[in-house]
Every structure is written in structure tokens, then in C-alpha cells.
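K.L.:
Chains as they are written, first to last, in our numbering: chain A, 1 to 341; chain B, 1 to 298.
Rather than coming from a laboratory, the hints here were simulated on the basis of the structure. These figures come from a predicted structure and were not determined experimentally. Worth double-checking, as some hints may not be accurate.
Beta-carbon label-pair distances, calculated as ranges [as the list claims (entries may be wrong)]: (1) B:172 with A:323: 41 to 49 Å; (2) B:199 with A:273: 39 to 47 Å; (3) B:280 with A:27: 49 to 57 Å.
Heads up, the beta-carbon is just placed ideally off N, CA and C, and yes, glycines get one too.
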Amino acid sequence: MNEQARPPPAITLKSSEFRRDREQGWRELELLLELARRHGVTGLAPEELERLPLLYRAALSSLSVARAIALDRHLLLYLEDLALRGYLVVYGPRGRLLDGFREFFRRGFPAAVQSARWHILVALLTLLAGAAAGFLLTIGDEAWFSALVPAGMAGERGPSSTREDLLNGEIAAPWPGFIDSFLVMANFLFQHNTAVGILCFSLGALAGVPTLLLTLYQGLSFGAFVALHYDRGLAWEFIGWASIHGITEFGAVILCSAGGLLVAEKVLFPGRFSRLDSLARCGGTAARMAVGAMLMFFVAAVLEGGFRQFVQSTPLRLCIGLGVGAVWVLYLSRPASEPEP
Amino acid sequence: MISVNDRTARFLDPLARRRREIVTPEGVVLHVEIAEYGERVGAFLLDLLFLLGADIVLFLLLLLVARHVANVRVLLELVLFAAFLVRNLYFIHFELAWQGVTPGKRIVGLRVIDRRGGPLLPTAVIARNLMRELEVFMPLQAVLSAGALGPGIWERLALTLWLVLLALLPFFNRDRLRGGDLLAGTMVIAMPKRRLLDDLVEGAVDQSFSDPQLSAYGAFELQILEELLRRPESAETAVLRRDVCQRICRKIGWTAPVPPHETTAFLQRFYAAQRAFLEREQLYGRRSAGKEEPPDGG
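Pulled out of the complex, with its shape left as it was, chain A reads as follows:
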């Protein structure tokens, strides 16, 4: 500014000059950032919102210049902080809770499931193999039933149950009323299957063997149940009874174990990344699958509590179960081709 006024040999510092030129922009950015911190980004006026990214990029460029020419440590630290704070606001999450969920359901969940289709296939085959083995074992010798199904899950059902016990106590049991239905639903947090899902997923970190074993075991106990009812001529009714929520529930179990297998694959075969990096790269997908599976467990619990005993005809039960299953398949295979963020 008044360089001309000074005697010619006077030296001004390049870094001081640089700071004088740009300081106003930094102060303005600082002010906007403080406003955004207090009232949220949405609290900024439109023209302020327009200024923010410009000022942020200017601060970044200031930082780059300062790194090259300035030896003022305080200035460098300040600019680095300013740029970081600007970065955090400019690249912070923009959405609201609802946007987040919408994004998750629209794209995140189906895309994750589609990218893990081979893992899902393996999990599905394991479950089916378990079910077939459980069925064949129990049909030959019903003593297997007690071995395959834990007592807590079997309830009063077992080799000693008669056809009438099963029919009245289970398949055609009367609707218990709203309160008790709700209990089953609210109870979903503590449900056996949710815990199994979590275990399936989390044990993936141990190379996936426990995940597969657990999935197999789920199939085994279901197969044993089918066999028990088959021996009493109730196979069709039982499948209808179980399908209403079981299709959703087993779908969720499959997704959980597929997520676990995905984690296992990345831990076992990290490729050209370190194991931790490799895990982080697949983590988003696996986490989305687990989260989606939790929601499926919730839906299954609602179906189980609300509809299973409410609807008493086997064909109708099967229709609901298969219909819900078809909705899941359609939903999860919907095009989510936009690039994975």
C-alpha cells in the first residue's frame, strides 16, 4: 500500500505482505464458520452459503502458499486449523436424519447386498445344507431333535409331543391379543435370532469358520423342527406357520452371515492392502448388510407378533410369507447402480 512512500532499500517481508492481502478473507471465513458452528450450516443465509466454499478454497490456497513461502509458525498453524475447520463444514454431512435413512434404504442397503451376492449364495447354501441334514437326521431318529434344538427354543415341543399338542399349542394357537403380540415385537431385541445374526456377523472376523458353523446350525435346528412335524403329518401346516416370519428372519440371518463372510474374506485375503485397510474398504458394505438385517429382524418380529396367530389358514400364511419374501427380493435387487460412495 504505502511501499512507494518508504525509502527504496526498505525490505518488507513477503509473508507479512501475503498475510495483509489475504487476512480479511480468513477473518470472514472464521466468522462464517463460527456462525455455522452455533446455528448449523442450515442457519446460514443463502449468500453466506455461497461465500463459504469460495472462502474455504481461498484459505486452502493460502495454506499452500504459506507452506511454500512463510516461516511464521503461528500463521501456518492458524491457516491449517482454519482450512481444517472449513473442510469439516464444507464436507460435513449435509442431510437430516430422514435423508440419511432414505439414502440408506434407496441405495446403501440394496447396493451392499448386490455387491455381496456370492457371499449370500454361500450363506444360503450352508443354511439349506443344514436344514436338509437336520431334517434327514431327525426323521430317522427323533432323539436327534433334542440334540439339535436347545431346550429353550424347543419349548414344550419334542419327540413326546403328539399331533394335537403341536396343532393346538403352536400352529393353531389362538391370537393372544394385542398386548401379547406387542410383547413379542418389542422383545425382538432379545430374540434368539437377532443374537445369532449378530454373532454370525461378528464372528466373521475369525476367518468365517464360526460364521458358517453357526449358519449351518440354524439350518439344522429348523430341519429338525420340520422333521418333527413331518412325522406327525403337519409338515405343510408347519411350513406355512413358520414362513410368515421365517422367510424374513432367515433372510436376515443369511445377510448377517454373508456380511460376516465378507469380513472374513477381507481379513483372510487382503490382497494388496494391509488387513486393516482391506477391512475398512469392505466395512461399509458389511455394516450396511448387518444394519439392514437388523431391520429385517424387526420386520420379522412384527410379522411374528402381529400376524402369525392372527391368520389361521395355511395357504394364506404361505401367501403372506412368500409375498413378503418376494418383496424383499424385489427390493434388494432393485437397480442401485449409482457408484458406491
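Got chain A; can you put chain B on it based on the hints?
P.N.:
Chain B alone, transformed into the frame defined by chain A:
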């Protein structure tokens, strides 16, 4: 090779936080400070406290609404379910609306960011918070649930092991990631809060120092001197400045006496001249970092 800035930082504050580089989408490297374990735990406990308050209010409300429901179990399930909804919506809502900050994190001064420097996506926020359900709340509830409905002894042991392992996870990676961070690709940093102070150099530079005198020191010493000049005035600072001033005079062969009351002014003049000299040299590609070993007592 470590930069001069890093060396100065290490010299001035050996207990500084662990730092990590992120690259912004514009391609500029920024340094973030990773949050300490204590801060993370503190923020989490604060959030839990707020949640507990919310849950109590909720419980009282439910009690009012559902007075006629005689079934205690129904009420308990209702409360548990509501608590589940509230805690998940709480974390996700605040981390989205406040840009990676919950009330607890705000008080402690922490923030969630994307680990690779990209934008923090809603999906990542949801994933890292729902993982907390798997990491802490569900196993805890299962372990603490009593009676025949609860899990068996082996399941309890396994769940406890799971809890402990996940709680220890941040100690086993260099970015202090918990399970949710690991999967969602996020990390938690300490919020920067530095203010812009005045430039130490105002106006023209004193030219009474010669180039050989100025080349006695490098950037490292310059930054230490800057730190000394920025220190708040005190008797201790005055003694230090006096000492440094004498050392400088001896080193550069400054023969004119510097009276005690002019120590700070002299140091400021020397700082300005030294910075001007080094910055000019740097423009021509001649960087001088300064001593390899930090001076003792400087």
C-alpha cells in the same frame, strides 16, 4: 525426513496429540489430531447421561399414558423398546444435523470425520452408530438380563469377551478406531480452535544485521524464537529472553550493548531480520532447517 514444523512442535510440546494426515478432495494435505481415549470415553459418558435423562422423562410419560396397563412386563418392554429407538435416533440425528458432533462430543471438543478425507456420508454415520448397538448395548443387555430367559453361562462368557475385546479395540490401532469407525471408515478427531494473533513483524525490516550474522540460525531456531516472543509477559519470560538475547549476541558477534529494557525490542528486530533473510533464501530454493539437534534450554 521430518519437517521443521514437526520438529518445532515436538520440541515445544513433546506430549502433543497423535496426528494424522488427511487429503482433502482439493488435494491439500491437512493434519488432524486424533482424539484421546479419555476424551472419547468422556464424550460417550456425557451422551449416556443425556440419554438417561431422556429415558427417565420417557418412562414417566409412558407411566402417565399407560397407567391402566397393569402388566408390568408390557411396560418394561415398552420402555426398553423406546430407549432403543431414542438412543439410536439421538446419535444419528446429532451426528447428521451437527455435522459429526453429538452434545457430548461438542462439550469435549470432538468430531467425527471420514478417514480418507472425503465427505462424511449419512450412510457412514448410520453404520457407525448402529454398530455401537452391536458393540455395547445389545451384548450388555444380554449379559445383564436375568433369569431363565437370559443366555446360558457360556453365551454370557462369550458376550463378555466380545464386549471387552471391542472396548479394547481402539488401543490396538493407530487411529484409535472403535468397531463402528472401522466399518464405517470414520475416525474421531479433536476440534481445532486456534485464533489468529498479530504478526510479530510490523512495517519495514531493520537492516542493521549482516547476511553472515543472519545465516547463523535456521528455520528451527527462528520458530523457537517466535514462540518465545509470543509468550505472555512474566518475570520468567523476561529472564529467558535476556538469556536468549545474550546467546544470540555472542553467536552472531553483536558488539553493541543491549540494555535490559530493550531486550524484547532487540529480539523482535532480530526475529524480523532473520525471517526476512530466511524467507528470501527459501524463495531461491535455499532452505536452511537449522540445527539437527534441538538446543538445550533454548
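K.L.:
With reference to the structure, classify each hint as holding or not holding.
P.N.:
Evaluation of the provided hints:
no.: 1; hint: B:172 with A:323: 41 to 49 Å; result: holds (46 Å)
no.: 2; hint: B:199 with A:273: 39 to 47 Å; result: holds (45 Å)
no.: 3; hint: B:280 with A:27: 49 to 57 Å; result: violated (28 Å)
This entry does not satisfy hint 3, going by the numbered hints stated previously; all others are met.
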